[in-house]
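Please construct the entire structure, taking both the sequences and the accompanying hints into account.
Top line first, the protein sequences correspond to chains Z and C. All residue numbers for the first sequence refer to my numbering, where the first residue is 1300 and numbers rise by one. All residue numbers for the second sequence refer to my numbering, where the first residue is 1300 and numbers rise by one.
Be careful, since some hints might not be right.
Label-pair restraints from in silico Cβ distances [unchecked claim]:
(1) SER1592(C) / GLY1440(Z): 49 to 59 Å
(2) LEU1498(C) / ASP1379(Z): 46 to 56 Å
(3) VAL1314(C) / THR1499(Z): 22 to 32 Å
(4) VAL1314(C) / PRO1506(Z): 27 to 37 Å
(5) VAL1433(Z) / ASN1607(C): 45 to 55 Å
(6) GLY1400(Z) / LEU1498(C): 38 to 48 Å
Derived lysine-lysine pairs resembling DSSO-like cross-links, with alpha carbons at most 27 Å apart [unchecked claim]:
(7) LYS1463(C) / LYS1481(C)
(8) LYS1596(Z) / LYS1481(Z)
(9) LYS1371(C) / LYS1627(C)
(10) LYS1563(C) / LYS1438(Z)
(11) LYS1438(C) / LYS1563(Z)
(12) LYS1563(Z) / LYS1563(C)
(13) LYS1438(Z) / LYS1481(Z)
Calculated from the structure, these hints are not laboratory results. Ideal placement from N, C-alpha and C gives every residue a C-beta, glycine not left out.
What follows is each chain in one-letter form.
Protein chains: 2
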Amino acid sequence: MSTTSRTVHLKSRPVGMPKVEDFEVRETQIDDPKDGEVLIRNIYMSVDPYMRGRMHEGWRPGDALGGGAVGKVIASRHPDFAEGDYVLNSAGWHEHLISNGGGISKVDPELAPLSTYLGVMGMPGLTAWGGLLVTGEYKDGETVFVSAASGAVGSVVGQIARIKGGTVIGSAGSDAKVAMLKDEFGFNHAFNYKTADPLTELRRGAPEGIDVYFENVGGVQLEAALFHMRTFGRIPICGMIAHYNDSEGHLTPGPRNLSQTIYKFITLRGFVVSAFEGQRAQFLSDMSGWIKSGEMKYHETVHEGIDNASRAFIGLFTGENNGKMLVKLADD
Amino acid sequence: MSTTSRTVHLKSRPVGMPKVEDFEVRETQIDDPKDGEVLIRNIYMSVDPYMRGRMHEGWRPGDALGGGAVGKVIASRHPDFAEGDYVLNSAGWHEHLISNGGGISKVDPELAPLSTYLGVMGMPGLTAWGGLLVTGEYKDGETVFVSAASGAVGSVVGQIARIKGGTVIGSAGSDAKVAMLKDEFGFNHAFNYKTADPLTELRRGAPEGIDVYFENVGGVQLEAALFHMRTFGRIPICGMIAHYNDSEGHLTPGPRNLSQTIYKFITLRGFVVSAFEGQRAQFLSDMSGWIKSGEMKYHETVHEGIDNASRAFIGLFTGENNGKMLVKLADD
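What follows is the structure, encoded as structure tokens:
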């Protein structure tokens, strides 16, 4: 017996903005698990901006893609996993996978909904938590500006700062998202970066300057943040989505005022979430507490079916998503 | 009795590149020192890039300028200073000054030549030492790239790294300076940024990448350094001389590849020399040792007379100087 499954492959390296034609869904037959293996049916998969970088360097045309996913064990010959267990795995973009138990870990659907392990309880949540508190050295009560604030990472950054007594300013790409930041996520000030001047808005929302700018986008917002940083300000660089689809010879100009760092002793520091792996237990404890108390809110944008995975991914760069972008691959 | 002295005043805020007409030399009469005061005749004064920033924000048109200077006590009614003492003071751009002892400190001409207290033994030396070892967290044997490498700060940065067993790459603005970096300051590799491609040169001089980029200039060299940094690389930002003469609306574009910081966990951190004040004793001990052993070399470019002070300052931005730029105000 075997299981029919589908997987998304990279067909060609995207140049500039990715297109649906850069991806290809292939059908494959998966054998039953052997001794020491489990068969997993993925329920949710994640699409994330970092995947754009891997499509440029890492994955090659023809390769199957991967990423975060949550699935259900549907057959087990592994002592540590039982049929019906839910597991986090890194075989996103696959409907099914065989695992020998390496790189998968059980998640508890009673603690938080399954999908949140790809969001606030997962990589985006840990990215926000570590980027703000560890890399950004955020201290209770400080003033934080976060760009892409309605996204999976940004909305958590702002809420953590708010929970810890800070003043929070966020930017997003539509008036509806801006309203959501203020009304739902409790941001003190928010603006639409497509229609408002970032520096004017920062001055309005934080007359005395900002201590931490959580950088998700690059471009003019970084420039405005540098102008409006306070002495000893920190800029954890999580992403620069404005630059991800740059191609050789067509690079978006960087901030023209990096010399602001000098007299203000500003630190910019890049990071990826792996830096905080050792602090995951603390993170899960913090986050589950905030979810249960109702202090931490989250949104999800869910596309249905593996055929729509590439569209979901492209939507990350066109501002289509509201909160964590997911693809639902199975009902359970 | 009184002393006739001259002082340089800011006549108008420079727009873009400073011009001689932005400055004015005024004559003044200085009274004899009262009880608790000393009269100092300055011998050397320093001109430094940071002064450009103060001319934009800080000094106002009409103000007398200031900066580092070394002078001789020519009359004293202060218990701690005797006629003939040499003192460091912050009344550069002045031929004479009256001091109550605050902000002046004796220097020992036996330890190192008087002028070096404005150079390798002074602010530029401490800037290089602290920027590389403290802000840049340089570890023995690492690979360092420094721009403006033939300047007062850059040449010391490169030599400290070399003394500490590192591989050193430098850039400068003429073939003569490049030759000097290699032949005299012991750089492993050097290039003329006006005629060579920085990234190509970095790959040539440091095939495995650079650990620390000591940033003095901004612009394309920062971009090349970001591309060629190793994981966990550090970029202490000392200056961005390419941007100092930017005026509103005419800002030089910044690096287009700051997203390099993310996967490489790169830190950029601005600093000014005041950050290292608490470590000055260690610095003086290190530096005097290196000067005496002959390991630390230095150059000076000396203009004569206060009438030429503004020309000396402007020369900083046209690449005229070779090493520390000084103005000699008196023979002794």
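> Which numbered hints does this structure break?
Replying inline: none
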